[in-house]
Each structure stands twice: as C-alpha cells, then as structure tokens.
Amino acid sequence: MKRTLLVVSLAMALVACQPKESTTTTASPVGPLTINGAGATFPNPIYSKWFDEYQKTHPNVRINYQSIGSGGGIKQLTAQTVFFGASDGPMTDAQLAAAPGPVLHFPTVLGGVVPVYNVEGVTAPLRFNGALLANIYLGKVTKWSDPAIAQLNPGVKLPATDIAVVHRSDGSGTTYIFCDFLSKLSPDFKQKVGVSTSVNWPVGVGAKGNEGVSGLVRQTPGAIGYVELIYALQNKIAYGTVQNKSGKFVTASLESVTAAAAGVTMPDDFRVSITNPDAADAYPIASFTWMLLYQHPSDHARSAAMVDFLKWALNDGQKFAPALGYAPLPQPVVAKEMQALAKIQ
Amino acid sequence: MRRSSDDRKFRLGTGAFAAVVLLIVVGIGFELTRQSMLSITKFGLKFWTTSTWDPVSGDFGALPFIWGTLYSAILALLLATPIALGIAIFISELSPRMLRQPLAYLTDLLAAIPSIVYGLWGVFVMVPFVRKLEVATPDALKQFPLFKGPPLGVGMLAAALILAVMVIPFSSSVAREILKNVPSTQREAAYALGATRWEAIKVAIGFGKSGIIGAVMLGFGRALGETIAVTMVIGNSPQVTASLFKPQYTMAAVIANEFTEAADELYLHALIEIGLLLFIITVGVNMISRLLIWSMKRRVVAPIVVPVIEEATA
Numbered sequence: 114m115k116r117t118l119l120v121v122s123l124a125m126a127l128v129a130c131q132p133k134e135s136t137t138t139t140a141s142p143v144g145p146l147t148i149n150g151a152g153a154t155f156p157n158p159i160y161s162k163w164f165d166e167y168q169k170t171h172p173n174v175r176i177n178y179q180s181i182g183s184g185g186g187i188k189q190l191t192a193q194t195v196f197f198g199a200s201d202g203p204m205t206d207a208q209l210a211a212a213p214g215p216v217l218h219f220p221t222v223l224g225g226v227v228p229v230y231n232v233e234g235v236t237a238p239l240r241f242n243g244a245l246l247a248n249i250y251l252g253k254v255t256k257w258s259d260p261a262i263a264q265l266n267p268g269v270k271l272p273a274t275d276i277a278v279v280h281r282s283d284g285s286g287t288t289y290i291f292c293d294f295l296s297k298l299s300p301d302f303k304q305k306v307g308v309s310t311s312v313n314w315p316v317g318v319g320a321k322g323n324e325g326v327s328g329l330v331r332q333t334p335g336a337i338g339y340v341e342l343i344y345a346l347q348n349k350i351a352y353g354t355v356q357n358k359s360g361k362f363v364t365a366s367l368e369s370v371t372a373a374a375a376g377v378t379m380p381d382d383f384r385v386s387i388t389n390p391d392a393a394d395a396y397p398i399a400s401f402t403w404m405l406l407y408q409h410p411s412d413h414a415r416s417a418a419m420v421d422f423l424k425w426a427l428n429d430g431q432k433f434a435p436a437l438g439y440a441p442l443p444q445p446v447v448a449k450e451m452q453a454l455a456k457i458q
Numbered sequence: 053m054r055r056s057s058d059d060r061k062f063r064l065g066t067g068a069f070a071a072v073v074l075l076i077v078v079g080i081g082f083e084l085t086r087q088s089m090l091s092i093t094k095f096g097l098k099f100w101t102t103s104t105w106d107p108v109s110g111d112f113g114a115l116p117f118i119w120g121t122l123y124s125a126i127l128a129l130l131l132a133t134p135i136a137l138g139i140a141i142f143i144s145e146l147s148p149r150m151l152r153q154p155l156a157y158l159t160d161l162l163a164a165i166p167s168i169v170y171g172l173w174g175v176f177v178m179v180p181f182v183r184k185l186e187v188a189t190p191d192a193l194k195q196f197p198l199f200k201g202p203p204l205g206v207g208m209l210a211a212a213l214i215l216a217v218m219v220i221p222f223s224s225s226v227a228r229e230i231l232k233n234v235p236s237t238q239r240e241a242a243y244a245l246g247a248t249r250w251e252a253i254k255v256a257i258g259f260g261k262s263g264i265i266g267a268v269m270l271g272f273g274r275a276l277g278e279t280i281a282v283t284m285v286i287g288n289s290p291q292v293t294a295s296l297f298k299p300q301y302t303m304a305a306v307i308a309n310e311f312t313e314a315a316d317e318l319y320l321h322a323l324i325e326i327g328l329l330l331f332i333i334t335v336g337v338n339m340i341s342r343l344l345i346w347s348m349k350r351r352v353v354a355p356i357v358v359p360v361i362e363e364a365t366a
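If you read the protein sequences in the order shown, they are chains A and B. One gets my numbering by counting positions in the first sequence from 1 and adding 113 to each. One gets my numbering by counting positions in the second sequence from 1 and adding 52 to each.
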C-alpha cells in the first residue's frame, strides 16, 4: 500500500515537472510561467544564480535549466523540446539550417582556458605560446628540456623529464576553445587535429572533466594539461602564462579574458571566436558562452519573459559573474546584444 | 474444470511476462540499429576493423574500443578468477563455521559498492601505486611489448586491476552458492573411498563445474560493461596495443565520455553503433558461455542437484 502511494506521488511529481512548451497560452493567473532550457555545463553555476536572483524580483517567471552539454542543448532546441538552448561553441551553419526557424546567439559571459603542469623544481609560472602548446599536444615536443620551451623561459632550470600530455576525455567546450586557439597558431595542428568538443588526439591520456585533468596532472611528474580558468581559480591551481598576438605573455584573469572580448569586431550574429585577439592586454585562450533563442517563437508570453530576463542578465546580472569566476561581458558587446534582442518577436 | 482454466490463465499470464523479456532484448537491438543507421550505411563492416576515431573529420572506426573492452575484461578475468574461486572454496568448504557467515556477508558487501567509489579509490590510491610499479619495472622487462610505454599510472594495467577487484565479489558469491549446493553425498562418497580433503573438494568442484563457469562468465559480463570506474583509470586513448602500461579505451567509456557533447548526426550514430556492438558482443559472450555449460552438462551425466537443507538453515 505504502509502495503504491509512493509510486502515485512519484508519478504526480513527474507530471508536474513536465515541460509545458506545447501550451501556448499566456501566464495563468495562478502558477508562475515556466520556461525550460538546456545546454552547456560550463555556465551552469552562473545561470542557476541568475535564474534564482531573477525570480526573486519576478516571482511570476520560473526558468529551469538542465546542464546536459552543449551538443544536447542544440539538439533539444532544434527538436523544440526546450524553449532556449545554451552552448559553449556557436552553432555551425549546418546546425542552423537543420533548426525549424532562425536561431539567434546571445553571448552571456566569458571563460578562459589555462595550461597547468607539474614540472619538478619549477615554481615561477612557465611561459607558453600557441605554437609550443600545439607542438606539445602533437607529440613533437616530448621533453621539458626541449629548446622550444627553454627559449620562452630563459633562466628557468628545466628538467629532462618526459612530457606527459593530459587532455579531456569527455566532449567539452574547454577542448573546443583550446583547439580553436591551437589551430589558429599552428597550421599543422589545424590539419592533423582540428577543432571540436572531442578530437582525435595524437598523443596523451584522457581524463574526465576539469577535476580529472587537474588531478592527473598533479599526480604525474612531467604532466601538462588544460583546464577552465574558473576551475583553476577556485582550486588555487598555479597555471602558465600564454603569449598573445601582440607578443605579450599574459596571465589569465577575469580582466584579461574580458579584454579579449573587447577588442573583437562583433559580427551581427554574434558567432565569433575570440581566441588569439588583437588587443594588447588580452589573454588569448578565451571564449564566449552563448544562449540560443528562436527569432520567431510561437509562444509570445514566454518569449517576452525570456527577452526581459536576458536584458536583466546582460546588465544587472553581470555583477554576479566575477564572484563565480566568470569574466563579465565588455560594454560594447552588451549594447549590441540589447539591439539584437529587439529582433525577437 | 475451474482449476484447469485457472491454470491456463496463470500460464498465459506468466508467459506474457516472459515474452516481455524477449521483447525488450529485441527492442533494444532494433532501436540501436535504427539510431545508428547513418554510421552503419556509411562505414559498413569497416567500422569493426578500422582504428581512426576522428569527430572533426567524421571518420569513425571502433576497433580500438572493441580491443580495449575485450583485453581489459579478459585480463581482469585472469586476475579475478583464481582469487574468486579461492574465496568461494574457502568459505564453503574450509572455513570454520563461525567465520562462514561474516565472510560471505563481506564479499556480498563488496559487490554492492557503487562503481564510482571504486573509480575514486582507483584514481587516488591505485593509480599512484601502479605508477610506482611501472617506474620500478626494470629496463630489461620494458623491452617486451607487454611492458612498453611511459609510466603514467593510468592505462590498461590500472583498468584490469580495478575490474578484477570489482568482478571478484560477483564470481565468488555465485561460485560459493554453487559449491554450497553440491549434495553432501558427493563428498561423503569421496571420503568413503579414502579421499583426502583436497580430493573431496576436487570432486565437489567437478560436480559444480558448469555452475562455476557460469559464475566466471557473469564476472566477464560485468567487466565488459563496466563504465565509470574504467574510464577514470584507463587513460582514454584509442589505440590497439598489447602493452599493459599504455592508455587505452573501452566501448562503454567512449559512449559515456562523448555522448553529451556529440551534436553532429553521424558522430551520434557512430557512438550508438558502438553501443550496438557492445550489445552484440555481450549477447555473443553469453551465448558462448551457455554453449560451454551445455556441452559440459552433456558429457557428464549430471545427477539431480538436491539443495542441502541442513546447510541452508545452519
């Protein structure tokens, strides 16, 4: 009997959680308007914070977000099982063509990717550049004492240990950004590996998640890996500096990541890669993360609520970003997005 | 009259439930095939035999994953089977009565530990230990293909070890029950003929041989499908190599790793086809073990197994 009750209540709970996208009515006077979204895991902490804060001032709107991964977010948006999607990489032309209507991209915050390593006797941050990182991840530079590393790090005593390359094993926006940067700096890397959330790495071991990569790097003498800046900051992991386009070795920070976005000429569809930007103080391995919305949604009530939320998130919401480790958007990008939001009908 | 109609209803009802099992198996096979059609038509049988796994260019071959899955499971089986049988024989035949229940309980408890816990233990305790072992391997040994490779800690050896630890409780629990159910008349007959204890145990093992093989195959099945603990320690690098030190990859691990971010249709279909291959291999392994048991039963005219009641109540 008890079990039956449990089953019944579970079933009711499930029904209550069902997405209600099909009911295209305006907000009912009783319950709040529910908007469902799905996508990237990277921005999940800031999105959760935003939805929470937004609901405090707008009790009639409830936004649910499932961090199932960028690929899943795009898929569900295309299938229209969610109202909005989110992705760490912009949708490809083929993906846009497969969607039932025009999809708009809205950058929300920025993230960076940093190289982490475990080299005996090295305490000061090591310097890297794109070509060197590419050659390490291609398996061409195999020892820490390699002249290519020594040349960038004069005065640093480098041991002759083998480099143990660690990369992500799970599909990830972090891998996408890292490969995007390496592909721009190394034609060889672009041709042999390319850019995607999962790639065919010629060398190294794969570890799951930022915690897997940093854990393995910490354990393994001579290891190098790459993790999200936010993860390195929160766990106080030391990381190397990377040379930007103007030749400066820049330490990744929220400011230097925001600077990367500031110097970029923004296309009208916001689908832009900001790795290796021109700005003098920019950290070169940075990227936007995007929210994805249909330009002509059939559900006007939800659409209006979502546009209102985004306007809030792009302005008032940005102040929550640094505390959670995300770099806020530069002002010109926000201004351009506010114009684009008007296109949603 | 009434009774026979009840019987029929009962038979039909339970038959329907049994049919559900068949339906589920066929349904899984059908759905996996349907959802991987793009990859099946594009790569055909080449999918089984090529080694490239390149999501960027859309070129997929599953050989390294098939290799890694079978290799790690077989290694785990080689490591686990003697230990599991040893545990089972000790508990059912040799251990003092007082220890019997606690030991059986503890092995069953090991089987209930979630695999993520094994994985964490693997990453933080076992992998550093394996790395030390690999560093300490003499250079003369490293000339053999089996021990070639960098001392990373993560790799095939770590995966086989963790799988072995996870498989032991399964195989030993089942083997223990089989030995427990060998009629005491078998042992008594052996003793009556002047057998030593060891010889009597051999008779009991021979009697339960088919069941024990079943226990081992159950462990093999578990090793084939194990996902999270393996992906945490195997190094996730698709390559076909006999080396124990090199990182490799398994079928279940690549699905778990790449499924969430696979947005491209062909990529998704290729991942699902890996699931289909895993399904086919698992079914195949099960069928082979059934055949093995069946052929063994046919050779030995097995007496009817009578559960020993006094043992069960003790």
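No lab work stands behind these hints, which were simulated from the structure alone. Small disclaimer: the values here were computed from a predicted structure and weren't measured. Treat the hints loosely; a few may be bogus.
Stated by the list, open to error - Just a few of them, taken from the derived set where beta-carbon distance is under 7 Å, the chain B residues facing chain A:
#, residue
1, VAL108
2, GLY110
3, GLY113
Stated by the list, open to error - Chain A residues, not near chain B, derived (Cβ > 10 Å throughout):
#, residue
4, GLY182
5, VAL232
6, GLY307
7, ASN313
8, TRP314
9, VAL318
10, ALA375
11, HIS409
12, GLN431
13, LYS456
Idealized CB from N, CA, C, for every residue including glycine.
These are the hints, each one checked on the structure:
1. VAL108: 4 Å, holds
2. GLY110: 10 Å, violated
3. GLY113: 11 Å, violated
4. GLY182: 3 Å, violated
5. VAL232: 16 Å, holds
6. GLY307: 4 Å, violated
7. ASN313: 4 Å, violated
8. TRP314: 7 Å, violated
9. VAL318: Label violated. Min Cβ-Cβ 4 Å, cutoff 10 Å.
10. ALA375: 28 Å, holds
11. HIS409: Holds, because the least Cβ-Cβ distance between A:HIS409 and chain B comes to about 23 Å, which exceeds 10 Å.
12. GLN431: Given a closest Cβ separation of 27 Å, the condition holds.
13. LYS456: Check passes; 24 Å lies beyond 10 Å.
In this structure, the earlier hints numbered 2, 3, 4, 6, 7, 8 and 9 are contradicted, and the remaining ones agree with it.
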